[in-house]
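S.K.: Sequence:
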Amino acid sequence: MKPKYFKHSLIASSVAVVIGSLMPQYVSADTKIDINLDFKHTVGGISEFDREKFMVLHSANIESDWDGEEDKKDYLLNQLDTYFARETGSMRYQVGQVAEDPARTGYAHPYGMTTIGTQVKNNYKNSLDNRNWRQFEQRDRGLITAAQDVPFYPGSAQTNKGWEFTSMVPFGHSTGEFMGRFLRDYFGSGGNTGRPVPKYLELMNEPVWPLVDKGMHGGGTIDDIFQYHLSAANEVRKFVPDVKVGGFTTAFPELEKNNFSQWDERWKYFIDLTGDEMDFYSLHLYDLPAFQGGEHYRTGANIEATLDMIEGYSRSQGKERPFLISEYGAQVHNLKGTPYNPYRDWLNVASFNSMLMQFLERPDKIIKAVPFGPIKAEWGRTGENIPYTSRMMRQANEPYSPTGEWVWTDYIKFYELWSKVSGTRIETKQSNINIQADAYGSGNRVFVILNNLQKTSETVSLNILGKDFNTIASVSGQSLYLGEDDLPKLDSISVDLSRAPDLVMKPESTIILEYVFDSAISQQNTVQENKYYSDKFKQKINANVYSIFNINHVSLAQHGEATLRLGVGRDLDLSRVPTVKVNGTTLNTTMNYRGSDQADKSSFFGLLEIPVPYELLSTSNNIEVKFADDGGYISSVALQLFSFTSKLERSFDEFNPSIVIEAQHFSKTGSMTGTDAGGYDGVNATDIGIDWVNGKDWVSYKDIQVPVSGYYRVNYLMATPNSDRTVNFFVDGDYKMTTVVPNTGSWSNYQSVVSQDVYISAGVHNFMLSAGEQTYQWNLDKFELIRQ
1 MKPKYFKHSL IASSVAVVIG SLMPQYVSAD TKIDINLDFK HTVGGISEFD REKFMVLHSA
61 NIESDWDGEE DKKDYLLNQL DTYFARETGS MRYQVGQVAE DPARTGYAHP YGMTTIGTQV
121 KNNYKNSLDN RNWRQFEQRD RGLITAAQDV PFYPGSAQTN KGWEFTSMVP FGHSTGEFMG
181 RFLRDYFGSG GNTGRPVPKY LELMNEPVWP LVDKGMHGGG TIDDIFQYHL SAANEVRKFV
241 PDVKVGGFTT AFPELEKNNF SQWDERWKYF IDLTGDEMDF YSLHLYDLPA FQGGEHYRTG
301 ANIEATLDMI EGYSRSQGKE RPFLISEYGA QVHNLKGTPY NPYRDWLNVA SFNSMLMQFL
361 ERPDKIIKAV PFGPIKAEWG RTGENIPYTS RMMRQANEPY SPTGEWVWTD YIKFYELWSK
421 VSGTRIETKQ SNINIQADAY GSGNRVFVIL NNLQKTSETV SLNILGKDFN TIASVSGQSL
481 YLGEDDLPKL DSISVDLSRA PDLVMKPEST IILEYVFDSA ISQQNTVQEN KYYSDKFKQK
541 INANVYSIFN INHVSLAQHG EATLRLGVGR DLDLSRVPTV KVNGTTLNTT MNYRGSDQAD
601 KSSFFGLLEI PVPYELLSTS NNIEVKFADD GGYISSVALQ LFSFTSKLER SFDEFNPSIV
661 IEAQHFSKTG SMTGTDAGGY DGVNATDIGI DWVNGKDWVS YKDIQVPVSG YYRVNYLMAT
721 PNSDRTVNFF VDGDYKMTTV VPNTGSWSNY QSVVSQDVYI SAGVHNFMLS AGEQTYQWNL
781 DKFELIRQ
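Residue 1 is where the sequence shown starts when you use our numbering, and the numbers rise one by one after that.
I should point out that these hints are in silico values taken from the structure, not numbers from a laboratory.
Quantities reported herein were computed from a predicted structural model and do not represent experimental measurements.
Honestly, I wouldn't trust all of these hints.
Cut-off 27 Å, straight-line C-alpha distance, at most; resulting in silico cross-link-like pairs (DSSO-like, lysine-lysine) [said to hold, decoys possible]: (1) K319 x K540; (2) K702 x K455; (3) K455 x K540; (4) K455 x K489; (5) K121 x K72; (6) K199 x K365; (7) K365 x K531; (8) K647 x K538; (9) K125 x K199; (10) K319 x K538; (11) K365 x K319; (12) K336 x K257; (13) K536 x K647; (14) K626 x K601; (15) K538 x K581; (16) K40 x K536.
Across the chosen pairs, the derived CB separations fall in these ranges [said to hold, decoys possible]: (17) D687 x D600: 28 to 34 Å; (18) A103 x E378: 36 to 42 Å; (19) P241 x L616: 46 to 52 Å; (20) N728 x Q788: 16 to 22 Å; (21) D74 x K581: 45 to 51 Å; (22) E484 x N234: 34 to 40 Å; (23) N160 x Y111: 14 to 20 Å.
Note that beta-carbon positions come from the ideal geometry of N, C-alpha and C, so glycine has one too.
Just need the whole structure built from these sequences, with the hints factored in.
M.R.: Here's what the structure looks like:
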């Protein structure tokens, strides 16, 4: 009888794997991750993990939700090292306190604002200590404040004092004057002078969706909204020239909608009209994981395509501005209007982690990124037991018998997970585009961050490079994932230092590991990342016709790597694998994009990321792209270059990738005899492989993506104490070859068993393995298809 065997892993893995035919990743593939400790990764001159930019709260110091919760406030800000980032209610409250200017219809009373502003600053001064504001004031200095559509959009509604902002030309002038006076007269520089003036002003929070798309509050037009931004920005600067202003704080930036006409009518128009007057472009990015019975994810390829199109076009027009992501997370439509549910929290937390990993790739282009999680959000309650869906705190015993005592929701786990991360960015690269990886070093500590975009488990192998001068003293960390009870879990994990860590990541999980070395790491080399755009955007796709793009003025180093970034918007049934030439050389292309295949949306809009041999590039580059079918657009084209000060190691070849299939992730199993000596009808799955393989047992693996046609050699990792056992290999039901498995000495002594070569065409295939006729055949950890 064959004993089961176990190999060290950090987290138990799932067995079932179901991947649609348009999914870009390989099924059950081992992900190799290189972490080059001696290479500092710099983007636009920035390499530090900025907690004030990314570890932030949708809240302000003086918010009443903190009353009575000072211990939680201290824990979140001081112990978890977070910062206040955004509030949207202060300006709206204060406009309701001021009378209309008797000399100008539709304007706030200037003297009245000065008087009230003095009172507000004095109240702040008198409350600094009795409200416990003083100790948190330093974490309130990078604040974003935003105007709401009502009553700030001229003609939308009257204020509490019975007047409304004028819609007279210049449209938005009266609102801009109010906001400028508000920021000048109601704030100080901190302490006894008054609350620190906000650093950023969003001229209106999400104006287009309610006013244009829904026609609420009397409706509005794109022209008026954008003119409002121009007029208001110019007025604000007359009063507070140092405050940064921007917009248009779009709720749903669906650039591809209506065959990209929304791009032309909204973001392109906004950049063209207002870009010279904006200090930043403001967006809200949300996944819709529970929308009309389906899943609409922005995380992954959609966010990349959206930001590349805005960034690239604005750069081409001389109007490039940084992004302010003032809200991000998930909107859980199907779960709205229901009692508190921790699974709803998980959907947000999972999006927080995935999106944050993408924002960290643009540290030079993002001013701030704010996870949307108001504190108590009682203003959003719609019923006795129907709270607002997004919030940091809930009442104990919700939803069954709320006590009135406030406790954390599972949002706190996001901040707890990231609480220690700091330092200088370290070069990382992964073989699987759907496992996000990042790393930061501080002294003798290194933080490795991994996030799984997939809804299946994935085995991850870490390759720590550049540590020859140093010794690992300890490794610990945390994993945030969804438990089998549909509750978010934050578990401590540890690593056995006697072996290289292989982590089995649960679906959509995030792991942060902390490596401690016996001395400080030394980043003697640098990776400088730059992005170069073509000057063409929104190019129509015609079948078998090359679209030509030129990317010039490229600066190359002696050593480097490159990725071609293609933004593509197409109907769901159209190809996502183009033919691409770079300077006349055809690249090997696959369906390589991050995250969801967007199958529940009306169309696909995402970024294809194609590795480019560095030696193909020159100062001026010609890019040719064609698809085999008509329809859709290429939205943007960019070259992402990573220039190295010296050559670095790689544990994998991105141009000739191997395909690693974990044995336990089979689709089906059975026996050609209908029974076997172990009592199983087929093989048995363990945590890391299969055993109880007897005569004529078989396993099948469905929907394996093979990126490139060619001859492949199968490398099996197998163990058996018996001689002359065999494994048969089938492709799409056709027998291909038999490989003899040698005696390895025991059921747990695993060795590589290499097959002869077999030709496999590019595309999606089903593989099957079957055992020879003798009983007690072999154990299998994994098998790998290596292109020859």
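S.K.: Kindly confirm whether 36 to 42 Å is satisfied by the beta carbon distance between A103 and E378.
M.R.: Since A103 and E378 have Cβ atoms about 39 Å apart, the given range 36 to 42 Å holds.
S.K.: Look at the Cβ atoms of D687 and D600 and judge whether their distance stays inside 28 to 34 Å.
M.R.: holds, 32 Å
S.K.: Hey, K365 versus K531, does the alpha-carbon distance stay inside 27 Å?
M.R.: Judged against 27 Å, a Cα distance of about 11 Å means the pair holds.
S.K.: Hey, K647 versus K538, does the alpha-carbon distance stay inside 27 Å?
M.R.: Violated, because 37 Å separates the two Cα atoms, which is more than 27 Å.
S.K.: Given the proposed pairing of K199 with K365, does the C-alpha separation stay at or below 27 Å?
M.R.: holds, 17 Å
S.K.: For K121 and K72, compute the direct alpha-carbon distance and say whether it is at most 27 Å.
M.R.: The hint holds at about 26 Å.
S.K.: Are K125 and K199 close enough, with their CA atoms no more than 27 Å apart?
M.R.: holds, 20 Å
S.K.: Take the C-alpha atoms of K336 and K257, compute the straight-line distance between them, and say whether it is at most 27 Å.
M.R.: holds, 25 Å
S.K.: Given a hint of 46 to 52 Å, does the C-beta separation of P241 and L616 actually sit inside it?
M.R.: For L616 against P241, whose Cβ atoms are near 47 Å apart, the range 46 to 52 Å holds.
S.K.: Please verify whether K365 and K319 have alpha carbons no more than 27 Å apart.
M.R.: holds, 13 Å
S.K.: Regarding the pair K538 and K581, is the alpha-carbon distance no greater than 27 Å?
M.R.: holds, 19 Å
S.K.: If I claimed the Cβ atoms of E484 and N234 lie 34 to 40 Å apart, would that claim hold in this structure?
M.R.: Because 57 Å falls outside the window, the suggested range is violated.
Hint violations for this structure: numbers 3, 8, 13, 16, 21, 22, all remaining hints satisfied.
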